Amino acid sequence: MQAYISGRNVNLTFRPPNRGPVRALQNFDIDIGEGEFLSIVGPSGCGKSTFLNVLLGLIKPDSGDIRMDGKPLAGPGTDRAMVFQEFGLLPWRTVQANVELGLELKGMSSDTRREVSQPLIEMIGLSGFEGHFPHELSGGMKQRVGLARALATDPNVLLMDEPFAALDAQTRDLMQVELLRIWQTAKKTVLFVTHQIEEAIYLSDRVMVMTKRPGRAKKIFKIDLPRPRDYEMRVTPEFNELKLQIWNELKDEITV
Amino acid sequence: MSDEAIPRQSFTDKHRKVLLGGLAVAIFLAAWQAVFLVVPFNKLFVSKPDLIWDALVDLIVSGDLMRDLAISAVPFVYGFSAAVVVGVALGIVMGWRERVSYALDPIMTIFYASPLVALAPLVIVFFGVGVSGKAIIIFVLSVFPFIFNAQAGVRAVDRLLINVVRSMGGTERDLYLKVIVPSVLPYIVAGARIAVGRGLIGILVGEFFAASEGIGYAIARFGDLFALDRMFACIFAIMVIAVVLTEGIRWAERAAFPWRVGQ
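In order, the protein sequences belong to chains R and W. For the first sequence, counting from 1, position 209 maps to 208 in numbering that gives the first Met the number 0; every step adds exactly one. For the second sequence, counting from 1, position 176 maps to 175 in numbering that gives the first Met the number 0; every step adds exactly one.
Just so you know, the hints here were simulated from the structure itself, not pulled from any lab data. Don't take every hint at face value.
Simulated restraints, written as ranges between beta carbons of each label pair [claimed, not checked]:
1. W:E171 x R:T111: 18 to 28 Å
2. W:V242 x R:V21: 53 to 63 Å
3. W:A102 x R:R66: 37 to 47 Å
4. W:R15 x R:D110: 40 to 50 Å
The structure presented is a predicted model; accordingly, all values stated were derived computationally and were not measured. All residues carry an ideal CB built from backbone N, CA and C; glycine is no exception.
Please take these sequences and the hints and turn them into a complete structure.
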């Protein structure tokens, strides 16, 4: 497999004022194939979200080599887009204006923006809500907007930082189905961070288990379940076997 | 008729809030008027609503009230505008730069908490009884709500939203225009509501101490002349202006920031 994104020996230490330094990532290695759906599970604070922010270009690692499509990563760019756990919608912007944010920052005219945002809003099932403000939407609707906003600039890579963690269990299940549907048509490379093993298996081609801080890759599981996947797959023996294996790797890293 | 039929709301149910509020005002005025049926009335020491109303009509018809208000409005506009500009700029810097806020927080807090009207005689000595002296008193009283609210607004800017715009390739200018300004504006408008009240105190105090014209001077002069009906008429005019300004800002706030309604 040709790696589309590769990270080698990535090291990162936070130096917060008035406190001791925190090693977030230590010799972290990762390879993600083009069009692949890779999930990272790991204990809280292991640096998995930090790595997403590094890929996004918001944080510079202390050392290490990160390449995307063979080129070294340099700062933020519209070839990557993040879906945030807390949605990150601008409260003073309507659904449509939020979806169009990235296009606006690129300097696109309002007519062209509309041509892009209209089909996306339709795809996420929010037609008729274009003029609504975020506070008028449910959590699931807000994250649909977050997803549409990330897709609007047509990035190659979607970074998802526990995107469904703030949603209730049923909404979460529906959003997972929705995400798979969109991923299958949009053909994006997805790096998905989550705490939930079941979610990781259901969505991914591969699942990476990370160690506790300072985080590095502990083990990678290939998920050979057929696609398209349906909800019933979650109760098959193969699914549960994977769930158990991943849990066995993960539980040693978790301190309560 | 089905059982689920929604009972129709009567007129009094629907407008309960306005009716009860209006009723309280009416009872207050009626009680004020009625108390002099029992208590002997001396117009040198007290006044009552019907006399005040007559005096108000007189002052409006003669044009005196409008003249005094117009005179007082000039320093108010100068002082208040300066307070907006200086207060917002200083508050934003204090919110953004930690060291500036460490340095200035104590002194600003002391000034905000103290009864600065006590400095009014001094200001008059320095700047005279004209427009500039009054404007400075108004500025000093109304600048602090802008400082503290702008500072709080900047501190409340959501880091996540900054990261969202930065991650999409937004420049420093984009951060200001698309995140910081929209976050801070509602705080500044809320500060303006407080500042209006303090600014009106400023104009009255300034004109009490030393002035030869203006609404504050009119109140003080009518008081000295024992023309209490006219004095109360002027106070009533100031009250109406204060309510109109603060409620006007509240209304503008709802119209301009619809996303705040749900927060």
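Going down the list of hints, with the structure as the test:
Our hint of 18 to 28 Å for E171 (chain W) and T111 (chain R) holds, since their Cβ atoms are close to 25 Å apart. Separated by about 54 Å at the C-beta atoms, V242 (chain W) and V21 (chain R) satisfy the suggested range of 53 to 63 Å. Roughly 46 Å separates the CB atoms of A102 (chain W) and R66 (chain R), a value that falls within the hinted 37 to 47 Å. Distance hint check for R15 (chain W) and D110 (chain R): the Cβ-Cβ separation is about 49 Å, which falls inside the suggested range of 40 to 50 Å.
The structure shown violates none of the earlier numbered hints.
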